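Could you put the whole structure together from the sequences, leaning on the hints where they help?
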Amino acid sequence: MSEKIALSIEDLTVSFDGFKAVDKLSLYVEKNELRVIIGTNGAGKTTVLDLICGKTRATSGTINLNGTELTRYPEHKIVQLGVGRKFQTPSIYENLTVLENLEISYPEGRGVFGSLTFKRTEQVTQRILEVAETIFLTEFLNTQSGLLSHGQKQWLEIGMLLIQDPELLMLDEPVAGMSVSEREKTADLLNKICQGRSVIVIEHDMEFVKRIAHKVTVLHQGKLLAEGNMESVQNNPKVIEVYLGH
Amino acid sequence: MNALLNRALGERRGAIGLAVLAVIIFLIMPLALDIFRLNLVGKYLTYAFAAVGLVMVWGYGGILSLGQGVFFGFGGYCMAMFLKLEASDLASTAHQTTPGIPDFMDWNQVTQLPMIWQPFHSFAFTVFAIIAVPLLISYIISAAMFKRRVGGVYFSIITQAIAAILTILVVGQQGLTGGINGITDLKTLNGWNINTDSAKYLLYFINGALLFGVIMVCNLVLSSKLGRLLLALRDKEDRVRFSGYDVANFKIFIFCMGAVISAIGGAMFTLQVGFMSPSIIGIVPSIEMVIFAAIGGRMSLVGAVYGTLIVNYGKTAFSESFPSLWLLFMGAMFIGVVMVFPNGLAGLYQSYLKDRVALVLSRIKKVKSSDPLKVVKAES
Ligand SMILES: Nc1ncnc2c1ncn2[C@@H]1O[C@H](COP(=O)(O)OP(=O)(O)OP(=O)(O)O)[C@@H](O)[C@H]1O
Ligand SMILES: [Mg+2]
Chain A
98 MSEKIALSIE DLTVSFDGFK AVDKLSLYVE KNELRVIIGT NGAGKTTVLD
148 LICGKTRATS GTINLNGTEL TRYPEHKIVQ LGVGRKFQTP SIYENLTVLE
198 NLEISYPEGR GVFGSLTFKR TEQVTQRILE VAETIFLTEF LNTQSGLLSH
248 GQKQWLEIGM LLIQDPELLM LDEPVAGMSV SEREKTADLL NKICQGRSVI
298 VIEHDMEFVK RIAHKVTVLH QGKLLAEGNM ESVQNNPKVI EVYLGH
Chain B
54 MNALLNRALG ERRGAIGLAV LAVIIFLIMP LALDIFRLNL VGKYLTYAFA
104 AVGLVMVWGY GGILSLGQGV FFGFGGYCMA MFLKLEASDL ASTAHQTTPG
154 IPDFMDWNQV TQLPMIWQPF HSFAFTVFAI IAVPLLISYI ISAAMFKRRV
204 GGVYFSIITQ AIAAILTILV VGQQGLTGGI NGITDLKTLN GWNINTDSAK
254 YLLYFINGAL LFGVIMVCNL VLSSKLGRLL LALRDKEDRV RFSGYDVANF
304 KIFIFCMGAV ISAIGGAMFT LQVGFMSPSI IGIVPSIEMV IFAAIGGRMS
354 LVGAVYGTLI VNYGKTAFSE SFPSLWLLFM GAMFIGVVMV FPNGLAGLYQ
404 SYLKDRVALV LSRIKKVKSS DPLKVVKAES
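If you read the protein sequences in the order shown, they are chains A and B.
Numbers 98 to 343, taken from this note's numbering, label the letters of the first sequence in order.
Numbers 54 to 433, taken from this note's numbering, label the letters of the second sequence in order.
Derived by calculation from the structure, the hints in this document are not laboratory data.
Heads up, some of the hints might be wrong.
[Stated by the list, open to error] Cβ pair distances, simulated, as ranges:
#1 B/I88 x A/P204: 48 to 58 angstroms
#2 B/D291 x A/S112: 15 to 25 angstroms
#3 A/R217 x B/D291: 36 to 46 angstroms
#4 B/I69 x A/F113: 48 to 58 angstroms
#5 A/F210 x B/S145: 25 to 35 angstroms
#6 B/Y192 x A/N239: 32 to 42 angstroms
#7 B/D291 x A/N138: 18 to 28 angstroms
#8 A/S123 x B/I388: 23 to 33 angstroms
#9 B/A262 x A/K289: 33 to 43 angstroms
#10 B/Y405 x A/R217: 25 to 35 angstroms
#11 B/D291 x A/N332: 31 to 41 angstroms
#12 B/A68 x A/E166: 48 to 58 angstroms
#13 B/R90 x A/F210: 36 to 46 angstroms
Since the structure is predicted, the reported quantities are computational estimates derived from the model, not experimental observations.
Every residue gets a Cβ at the ideal spot worked out from N, C-alpha and C, and that includes glycine.
And the structure:
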């Protein structure tokens with residue numbers, strides 16, 4: 098194993114009443130890598146992210162991020178250890194402004210009393226402005242986020258994770274519902290933000306996957322079906338069979 | 054400092070609302086009402102503490118507590134225990150089998166002051182207990198539930214069950230609590246007769262001032278990041294959890310805060326009304342408190358005070374003429390509020406009057422328009 102590996106998942110299994118949604122999965126993601134996970138509906142992609150961020154507890158197996166075993170920790174601790182996760186449907190605080198959404202996600206004042214005394218310092222404001230620019234929402238800082246377009250909401254949620262500067266960023270279908278030009282911008286965004294961290298993206302749109310993926314992992318019925326660069330995966334007979342047989 | 058005060062008053066718009074309420078409570082009521090009626094308003098205003106607490110817990114925290122009467126009761130009973138001990142000095146209880154203990158204990162063949170009553174000889178301890186007891190109990194309840202992710206309807210039912218159990222306990226332990234009659238015949242506070250007209254006036258104003266203090270503290274909490282987190286939690290709990298927050302702690306905090314606020318009201322109730330009994334702490338009063346908050350508007354601290362005053366005024370006026378119909382009427386009012394105007398009186402004000410008031414205000418002082426980035430920079 099190379100030294101650059103940030104996330105290593107080994108023999109990960111979760112069973113829901115006997116049904117194994119993820120089955121003996123092993124997966125290694127390097128630093129600075131953008132990994133895309135593809136697979137048919139119900140393949141277990143979202144469940145893998147749920148397991149990493151602690152939303153679902155593994156039946157067996159290990160998840161290790163930069164030397165720390167994550168499966169032991171509660172969800173908020175896993176976040177504090179450097180895992181950021183975007184949900185499949187945009188999950189932002191619709192009643193708050195873009196600015197407030199980003200501010201709440203800022204990794205400071207996370208305790209009860211810390212949040213009571215939290216102040217929007219110059220440093221916090223700078224960081225918010227910086228992230229807002231990265232996610233193309235500078236003009237919308239004081240807009241109530243419920244009024245944003247679907248694509249902008251997706252960006253906002255990505256921004257809410259970026260502001261925490263996570264070691265591992267996991268995005269569940271980030272371009273769903275986006276226009277063509279929004280997809281272009283998102284691809285550039287993802288290529289930019291995988292610097293200095295690891296990114297896992299779940300995506301169905303193959304054109305988009307081609308544009309962003311360093312490496313692709315194909316899941317099928319909870320198991321790893323194939324792994325490699327886009328071309329080798331696309332030409333893999335097992336993968337072709339699964340996708341065409343579907 | 055100035056910024057802090059501004060936040061406590063709820064910025065300019067909140068400050069106007071508070072000022073109007075202050076004029077009503079501190080000026081109009083005392084001038085217009087005789088002391089008997091004013092004392093009655095004072096009693097209603099003690100319920101307003103519970104309603105304000107519910108705005109925090111239910112309105113902002115999204116936790117419907119059907120047991121706020123319990124915490125009101127803890128505050129009230131702590132205060133009553135102190136006053137009762139003071140009223141049970143050796144001289145006034147000389148005729149009892151055991152002089153020096155509260156009369157109801159004597160009637161129940163208790164011959165020694167029970168242990169938990171002992172520290173209530175001290176006023177300082179009593180004040181401490183009025184805050185600490187409900188804090189401890191509410192912490193235990195909410196930590197046990199929220200750490201296990203029990204929420205929603207289940208939590209509401211549990212709080213209601215606690216109200217029922219506590220009432221049964223208080224009624225059952227006559228020798229300790231005064232049973233169904235409660236703790237009555239309270240006379241003095243550190244030698245100061247609380248039953249005189251002048252004392253009642255003073256207590257009314259103290260109560261009002263405390264209520265304003267509580268509202269201002271609530272404003273501070275709501276305008277902090279914690280306040281925005283509460284809104285975020287009600288909207289997308291998972292997003293908050295997966296942004297690195299231990300969600301349970303925030304729910305515990307707001308629930309405890311509501312409990313303590315309610316308890317302060319309970320203590321002021323005992324002082325102004327002169328007794329404390331299980332009829333104030335059970336399921337029905339707890340649900341009434343929810344109705345006060347709902348009618349006032351569960352997202353409005355000031356609205357909760359109006360809601361409490363109006364419903365209680367209605368209750369007094371209505372039940373004088375049709376006592377048996379009151380409960381039905383209140384139930385109907387509650388359903389009406391929830392179905393027709395879920396944000397209560399405050400919501401009605403927001404949708405029908407606010408714009409007109411704002412128009413008048415803008416004529417008085419021109420509102421500056423602001424460009425979004427400037428706002429960000431100005432606030433930092
Ligand atoms: N908590 C759960 N309890 C029971 N079954 C579950 C649970 N979570 C997921 N599953 C099942 O596990 C399987 C994998 O689901 P998952 O959501 O991971 O699929 P996916 O690959 O993300 O699919 P999609 O592309 O549709 O998002 C599905 O059959 C789903 O029904
Ligand atoms: Mg999925």
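Structure-based check of all given hints:
1. Checked against the hint of 48 to 58 angstroms, the pair B/I88 and A/P204 passes, with Cβ atoms roughly 56 angstroms apart.
2. The supplied range of 15 to 25 angstroms is met by B/D291 and A/S112, whose beta-carbon atoms lie about 22 angstroms from each other.
3. Against the hinted window of 36 to 46 angstroms, the Cβ-Cβ separation of A/R217 and B/D291 comes to about 25 angstroms, which falls outside the hint.
4. Against the hinted window of 48 to 58 angstroms, the Cβ-Cβ separation of B/I69 and A/F113 comes to about 55 angstroms, which satisfies the hint.
5. Between A/F210 and B/S145 the beta carbons are some 46 angstroms apart, a value that contradicts the proposed interval 25 to 35 angstroms.
6. A C-beta distance of roughly 38 angstroms is found between B/Y192 and A/N239, which places it inside the suggested range of 32 to 42 angstroms.
7. B/D291 and A/N138 have their C-beta atoms about 22 angstroms apart, which keeps the hinted 18 to 28 angstroms range intact.
8. Judged by the Cβ atoms, the range 23 to 33 angstroms given for A/S123 and B/I388 is violated: they are separated by roughly 57 angstroms.
9. A C-beta distance of roughly 56 angstroms is found between B/A262 and A/K289, which places it outside the suggested range of 33 to 43 angstroms.
10. Taking the beta carbon of each, B/Y405 and A/R217 are about 34 angstroms apart, inside 25 to 35 angstroms as hinted.
11. For B/D291 and A/N332, the hinted distance range of 31 to 41 angstroms is satisfied, since their beta carbons lie about 38 angstroms from each other.
12. Take B/A68 and A/E166: their Cβ atoms lie about 52 angstroms apart, and the range 48 to 58 angstroms holds.
13. Against the hinted window of 36 to 46 angstroms, the Cβ-Cβ separation of B/R90 and A/F210 comes to about 43 angstroms, which satisfies the hint.
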